[in-house]
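Number of protein chains: 2
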Amino acid sequence: MDNKYHMNGGDDLKSYAKNSEYQKQLLGYSKKVMNELIQQQLDVGLNPHFDHCNPFRIADFGCSTGRNTYLAAQNIIEAVEQKYKSNEEDPQVPEFLVFFNDLVQNDFNTLFNYIHSNKPNYFGAGVPGSFHGRVFPKAFLHIAHSSMALLYLSRIPEEVKDRNSAAWNKGRIHYSCSGAAKEVEAAYSTQFRKDIEAFLDARAEELIPGGLMVIITLGILDGVLPSECSMGVNFSILGSCLEDMAKMGIISEEKLDSFNLPYYYTSHMELETLIKAHGCFDIARFEKLPTPFRQVVHDIQTVVLSIRAVTEGLFEEHFGKDVIEELFQRYAEKVGSHPVLYDDKYRTEASYFVFLKRKTDTSKPGT
Amino acid sequence: MDNKYHMNGGDDLKSYAKNSEYQKQLLGYSKKVMNELIQQQLDVGLNPHFDHCNPFRIADFGCSTGRNTYLAAQNIIEAVEQKYKSNEEDPQVPEFLVFFNDLVQNDFNTLFNYIHSNKPNYFGAGVPGSFHGRVFPKAFLHIAHSSMALLYLSRIPEEVKDRNSAAWNKGRIHYSCSGAAKEVEAAYSTQFRKDIEAFLDARAEELIPGGLMVIITLGILDGVLPSECSMGVNFSILGSCLEDMAKMGIISEEKLDSFNLPYYYTSHMELETLIKAHGCFDIARFEKLPTPFRQVVHDIQTVVLSIRAVTEGLFEEHFGKDVIEELFQRYAEKVGSHPVLYDDKYRTEASYFVFLKRKTDTSKPGT
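Listed in order, the protein sequences are those of chains A and B.
Read in order, the letters of the first sequence are residues 1 to 367 in full-length UniProt numbering.
Read in order, the letters of the second sequence are residues 1 to 367 in full-length UniProt numbering.
Be careful, since some hints might not be right.
Pairs count within a copy or across copies, as identical chains cannot be separated in the list.
[Said to hold, decoys possible] Distance condition first, Cα-Cα at most 25 angstroms in a straight line; then the derived BS3-like pairs of lysine-lysine:
(1) Lys119 with Lys194
(2) Lys138 with Lys359
(3) Lys138 with Lys85
(4) Lys119 with Lys83
(5) Lys119 with Lys138
(6) Lys182 with Lys119
(7) Lys24 with Lys161
(8) Lys31 with Lys194
(9) Lys345 with Lys247
Because the hints were derived from the structure by calculation, they are not lab data.
Sequences and hints are given; from them, build the entire structure.
In structure tokens:
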């Protein structure tokens, strides 16, 4: 795996911890529907894996430094407790063990401090490692959860950095940047397919038969052009700032050409097709969540900080620490006068809520 | 819990990671005897908790940043695999899940990087929290392990810091310092008893009936005076350096009087008595390990760094960052001319290896 990126650690103004309000709102929207689905789908009293299990095991994949993960775990536990208590024949509630997974480079120290300071009513553990591979034993987890993590690709497709390929993304930093060839998007899409397959393969092994999985991810509406979404506009602006800096000799052109952001914004149709093709999970629900409230023009700083919390590590690793302040200053200046900040026509990204159930036939279809 | 101390993080010259050779040697000595005992005591084929368990769950309590913990986990897994393979009726080996526990202030980022870089053949997880309380669900662990961690008290007994108490330890930093009243040692001993009881209470709940626990701890030989051990001499010297600094006004006398090191060096007799009185564990083995090779005069720096790796955080928290370099420079000067570095008469500390088995009657006797 090439992926080494992670959110900004710590908890200062530039940290992911302080800049993940958007993600927090999404969890709020999903709480009610998740609870309903857990009541419907969790086979307490029907599946021996759930009866007298001790402890009930939950894992969050891509936890970062924990604020939203903590909330998500609380929401899941609340729903599971309710389900157990409603089983009249045996209303006993198990103990809970919650695993927080992210890449080994994630700031687990900050995560643990945060979780600990909240005195959770469950046992907690951190699990470092890429969720594109196995990080848990077989048939070990009862519920898996992943919020805003699957849009991170495990690697940048090679073709995008290859000057001899039709997918070479010269002078741009993402497939959504204005003017990018359609082959660039296709290369990203292929990588996303491989990543989703690897993710589902691993979770299919780790979840018990009948285990549940909640996925929340950021994508775009079906049929929308990536370059016309707000993220496409933002990445185009960030890219143009880097182009300006390359022209001034602050960074080299080669550096710019070899850099691409590892995000992929899937559509409802694409993700649903991939999950169905995989075959190990039944889709109990697939829906678009309401769009979170976003700060507008009067608070450009918040917009800049939230983009910075997620991307800074990537820019820093590739271009070096010295250019970061200048890059985000230039970005703040350019984005401040752009209609993307207030015009709804750019708001074509979509947050998807997906609720899956591990089929009880534990062999993978077609293998 | 008051305990917030932890080993020096990171992996530079002053880190615990680079200064734990002594502990590593102890694990080497214990490997053979531990393997023998696991073959004897692990009830594979006899206890349903071990049959087709998935995964086999091991926890290390007080893992610090991981070098020795990693070795210990390898040794345990090797022995358990051997035991499973020797079960002719069902030689299948389970997957392993190893939990690394330490205080929430421990440097888990360094731990995870180290474990990850060694590509272990097991699943790993970090569990933050004091091992003087519950950190795992009930009847969850198959084997618990703790090396060189139980000598850290959860808190300094109040009397030791109380000027109206006979146990007030004025001008000294430990009960082993030359001239300390016997009431000081008694107060430490009482705290140690409470801590061991809390540790055994928690592990008795977390281990399955028939689960095993390996404890390695540093103590002293039965009947030896603490002030005549090498650690007593070392702490007396460190204390006298602080006294010198108090006289020069570099630190205040009040600061010195309110500082005490939270270590307790138990004896064979004391620890065995406490475990028996607790009642939840059978003692399968209690023995003194060979004394690790120690660096002598020609390498004072190693001695200083190894004491510093363990104590620096405590001194820094109480006296502030500014005095640390001076304190250890003064210590290096004084200890360099002291016979403790080469005279065997001071080597009366002892490392104890204790192998316990959770009784299958899971209620605590007398409760």
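Hints, one by one, checked against the model:
1. Lys119 with Lys194: between (38 angstroms within a copy, 23 angstroms between copies)
2. Lys138 with Lys359: For Lys138 and Lys359, only the intra-copy Cα distance (15 angstroms) is at most 25 angstroms; the inter-copy one is 29 angstroms.
3. Lys138 with Lys85: between (27 angstroms within a copy, 20 angstroms between copies)
4. Lys119 with Lys83: Within one copy only: 23 angstroms inside a chain, 39 angstroms across chains, cut-off 25 angstroms.
5. Lys119 with Lys138: For Lys119 and Lys138, only the inter-copy Cα distance (19 angstroms) is at most 25 angstroms; the intra-copy one is 29 angstroms.
6. Lys182 with Lys119: neither (49 angstroms within a copy, 39 angstroms between copies)
7. Lys24 with Lys161: Intra 34 angstroms, inter 46 angstroms, cutoff 25 angstroms: neither.
8. Lys31 with Lys194: Result: close neither inside a copy nor across copies, 29 angstroms intra and 43 angstroms inter.
9. Lys345 with Lys247: neither (32 angstroms within a copy, 73 angstroms between copies)
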